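S.K.: The lines below spell out each chain.
2 protein chains.
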Amino acid sequence: MTTQDAHARAENATDTAAAGKALGSHKGYLQGTRPDIRVPVRRVHLTNGKDVTLYDTSGPYTDPAIDTDVRRGLAPLRENWIVQRGDTEEYAGRELRPEDDGIKHTSPRGGLRNLDAVFPGRPRQPRRGRNGASVTQLAYAKRGEITPEMEFVALRENLSAEFVRDEIAAGRAVLPANVNHPETEPMIIGKNFLVKVNANIGNSAVTSSIEEEVEKMTWATRWGADTVMDLSTGRNIHTTREWVLRNSPVPIGTVPLYQALEKVDGKAEELSWEVYKDTVIEQCEQGVDYMTVHAGVLLRYVPLTARRKTGIVSRGGSIMAAWCLAHHKESFLYEHFSELCEILRTYDVTFSLGDGLRPGSIADANDAAQMAELDTLGELNRIAKAHDVQTMIEGPGHVPMHKIKENVDRQQEVCEEAPFYTLGPLTTDIAPAYDHITSGIGAAMIGWWGTAMLCYVTPKEHLGLPDKDDVKTGVITYKIAAHAADLAKGHPGAQQWDDALSDARFEFRWEDQFNLALDPETARAFHDETLPAEPAKTAHFCSMCGPKFCSMKISQEIREQHGATMEEVEAGMAEKSREFAAAGNRVYLPLAD
Amino acid sequence: MTTQDAHARAENATDTAAAGKALGSHKGYLQGTRPDIRVPVRRVHLTNGKDVTLYDTSGPYTDPAIDTDVRRGLAPLRENWIVQRGDTEEYAGRELRPEDDGIKHTSPRGGLRNLDAVFPGRPRQPRRGRNGASVTQLAYAKRGEITPEMEFVALRENLSAEFVRDEIAAGRAVLPANVNHPETEPMIIGKNFLVKVNANIGNSAVTSSIEEEVEKMTWATRWGADTVMDLSTGRNIHTTREWVLRNSPVPIGTVPLYQALEKVDGKAEELSWEVYKDTVIEQCEQGVDYMTVHAGVLLRYVPLTARRKTGIVSRGGSIMAAWCLAHHKESFLYEHFSELCEILRTYDVTFSLGDGLRPGSIADANDAAQMAELDTLGELNRIAKAHDVQTMIEGPGHVPMHKIKENVDRQQEVCEEAPFYTLGPLTTDIAPAYDHITSGIGAAMIGWWGTAMLCYVTPKEHLGLPDKDDVKTGVITYKIAAHAADLAKGHPGAQQWDDALSDARFEFRWEDQFNLALDPETARAFHDETLPAEPAKTAHFCSMCGPKFCSMKISQEIREQHGATMEEVEAGMAEKSREFAAAGNRVYLPLAD
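Respectively, the protein sequence lines represent chains A and B. All the letters of the first sequence, read from the start, carry residue numbers 1288 to 1880 under my numbering. All the letters of the second sequence, read from the start, carry residue numbers 1288 to 1880 under my numbering.
The set of hints was computed from the structure by calculation and includes no laboratory data. Values in this document were obtained by computation on a predicted structure and should not be read as measured data. A few of these clues could be false.
No copy labels: a pair is met if it fits in one copy or bridges any two.
[Said to hold, decoys possible] Restricting the straight-line Cα-Cα distance to at most 25 Å, the calculated cross-link-like pairs of lysine-lysine (DSS-like) are:
1. Lys1550 with Lys1840
2. Lys1337 with Lys1596
3. Lys1429 with Lys1672
4. Lys1690 with Lys1596
5. Lys1596 with Lys1840
Looking at chain A on its own, in the form it has when it is part of the complex (with noise of 0.2 Å):
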């Protein structure tokens, strides 16, 4: 494919995402201190003259008002607060080559491009910490500096701007915002926020497109995914990168490797500190908000996967485990990972500090080589700390229910309370086609016990590439999962959408109880399947348990024919529990008192 095909083909997930703007619920903006800071909320309005605020994930998409075009990409949003800082520089960037595309000199297909079209929207030139500052979020907090990054977030989870400073600060939570991707509606991670999302797109050597990845992402978005990794592997790695993030709303994550595993045509052992240094250059001037990084597998852990049932099933991990062998030698990554830190600040990158020996089956959850591993990213995040670098932690895979805890407890203690990141984690092996379940379990249960952001998984792990329907059913399904830990953190307001999504239940008041539903159109339709017509909108029952059986509406008509009684027998109640506990909570008094 061409990048002219690109081009016309990516325009079409425009449809999509316009198609958004109709999700029963209203753009809004929260103000902030300046003009500028306009923090974008959902807001729900209901049929009783109530309104419900949801936090957004969705982008301009959703607002009528704005006129998204993916071929111009998102206004630069935070590009005035980057500027006025004052401690970045605009300068010529790294030259592109056609390699970073996945095309060599010599292709018949490719031959020699111009990079410098990838992308049609306003021109730009990569900016970068002058002098090598640190101009990471982190490294503001640590100085006591409330950027208006931190401020947006602040109004976003409805905290002060201290306490996002604070922890960042602390290195408990991160805002990654790439100084090249002012387009990001500024988020954190962290486990005193709202438990995140993160959905994988990206194609593959085998299928998938531009066009189809940029619209994965849109779709992954309005469905609630609070980042989205851009994992692709195949041809035009580079030009796809260009249009996810020129059209992203959320922070997007690579793992660079990959790309530069491609330019070294797939040979692992070929890979070199050089090749990788450049294509993390070259991925922070595009934007990149996170990376994630493997510099945690050394060459001693390898043998320690050797009788694992699955062996190392993080491609990121693998490649570096075969380039650990077949030169036998330490990792680059690890070998070069001040240098790295270095690098990453100037643009401010957060590391995502990749768990390359996870367990890829409940057999080998927890294990020798996986806890080997977190040691020494717990000591690569105390260097990425003293680089002001902000980070985060990766983690699980296959893990049993009762081993789950464990893997919490002891990243937090091991790396400082650095913000976990963890994928599922998958409960049980034996359902694939389903495995967006059981890793969803896993999941709810992580991010209760302190996760700061989920990965998903979708229906077609270990069988295939997703497509949209994959992407949707995994960004819900998580959704589910961060929202259910919410509430069992006791996250102030969480409990907000549950008690107006039931309240509208019990008062039968259907529209609300579709338009407050994560998926507004599929509760609709499942419930139109079977009563269509328009009156059964406002019918006290549904077909699943028909107008005689229903309870909500018998107990509803018991408080309707017996509230005065109910009210009366329930104050007796609490003041014979009032005399009660006047009286000591004791049943028979002591013999002797």
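Based on the hints, put chain B in the right spot on chain A.
M.R.: Positioned in the frame of chain A, the structure of chain B alone reads:
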């Protein structure tokens, strides 16, 4: 619809059942001490020559050697066992009446009907304990007897028959097996056995028909439902139930109150002990294996629900609450509970003591109403056990994760470890259309913590009556939850399944991976969506990562190329570890020692 129509259309259900014969596995049997004890298993023949044996709930339908016919019903597997015990007698039974099928004498559509013709299969008379004798598995277990049913279950669970007997005798497990449902393959419900799954079927006044319900039953058991509850509330309740029972290889549960309410035209206040008792006997004679009885909803508890967000959400609970308030009298189910025990023990019908006051929203979880009723269920459990009636206790509904464990712990304490049988719990209210997932999370957790059987929730919960697809999705989701719980409980043998599948995955035995999956058809279909060609079934990658990025492939290559080195290093590390341990696990020797 006439009975004749129902007969004709119900035959279609045979096709579905037959379709179950090719599920990537073969029917096998474990032979007991007598020729007629043959325990069905699902044997998956792997391409590497090994066999994996899995628990099988699908009944004779998946045995190609057995010619099933829904008009004839299943063979009465347990009949000889029941007859040979010599403690039961056949008798004329209660006379069938048109109102048993919801047809009034004056009904213009129905009129008087010959209900003898409700099922065309073998003629049968109901059976009961001679002279009111207890013919329950609990009574036999208390006397130290091991019945063929217990031996069957012991083989099925790979445990000793003595253990099975002792768990039943202690009231920690139930083996639901009405003497009038000899078609069942015995199964056991208790925390020291595999976690079980119940699927609800049943028509409502709004939709559905007899043949659909028979088909849903065979469909649910094909995917792994251990019991099925027929919750029909519309017309043809009696006939639907007869068809379901005569064709069901798993225990059937009901809520007799639903049919009783139909007999009094849906007017809760017109219910009476007499109508209820008559309905219970009708269902005992048909062969219902367990009955939900909401005898814990006491008059004085109803006011405790007055300030709830969603009131009373159990159908049975709301009906009984309405009755209690209308009459200002204590529940007739509570008042006549001992009499009910005396009926149930002569058929070996198991109590499922209903949680009529379960919470219907996150806000109402673990509240005073719920816990007050649980205390009463504990009292009723003791009475039932004293009458030799097997008993389990129903629980949850909507409960956030951090409040789940309290439910099991308290139930186990109050109810002397009687099996807990819970709906979900749903861990959030915000996702109608995905409540199989919101509840699958809670179900896995509550199963881990000691719940013996999980009542499934389908995607249609709160929205409409589930269809066949919903039934399958609900069952698969709950099989995942149950198996995840078995793993977390360390149930002996549970992990073999995961290990076999993970081995197949690591060795790229795709066919084995599909056949070992909970849902082989969908796993295969998902894989084939992107790589349909036959060679892809042996390829060392799938479309998710493509050939260059397949971690399992790289991991295998590492083992092939560096296996010897890795084992050497590993052995060296183990040696070092032994030396370290021998030196007292101290890094530095203490100064004075």
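S.K.: Could you figure out if Lys1429 and Lys1672 sit no more than 25 Å apart (CA to CA) within one copy, between two copies, both or neither?
M.R.: This pair counts as within: shortest intra-copy Cα distance 10 Å, inter-copy 66 Å.
S.K.: At most 25 Å between CA atoms: does that hold for Lys1550 and Lys1840 within a copy, between copies, both, or neither?
M.R.: Result: close only across copies, 20 Å inter versus 65 Å intra.
S.K.: Can you tell me if Lys1596 and Lys1840 fall within 25 Å by alpha carbon in one copy, between copies, both or neither?
M.R.: between (54 Å within a copy, 13 Å between copies)
S.K.: Is it within a copy, between copies, both, or neither that the alpha carbon of Lys1337 lies no farther than 25 Å from that of Lys1596?
M.R.: Classified as between; 17 Å across copies, 55 Å inside a copy.
S.K.: With identical chains, the pair Lys1690 and Lys1596 could be close in the same copy or across copies; at 25 Å between alpha carbons, which is it: within, between, both, or neither?
M.R.: within (17 Å within a copy, 36 Å between copies)
When the structure is compared with the earlier hints, no violation turns up for any of them.
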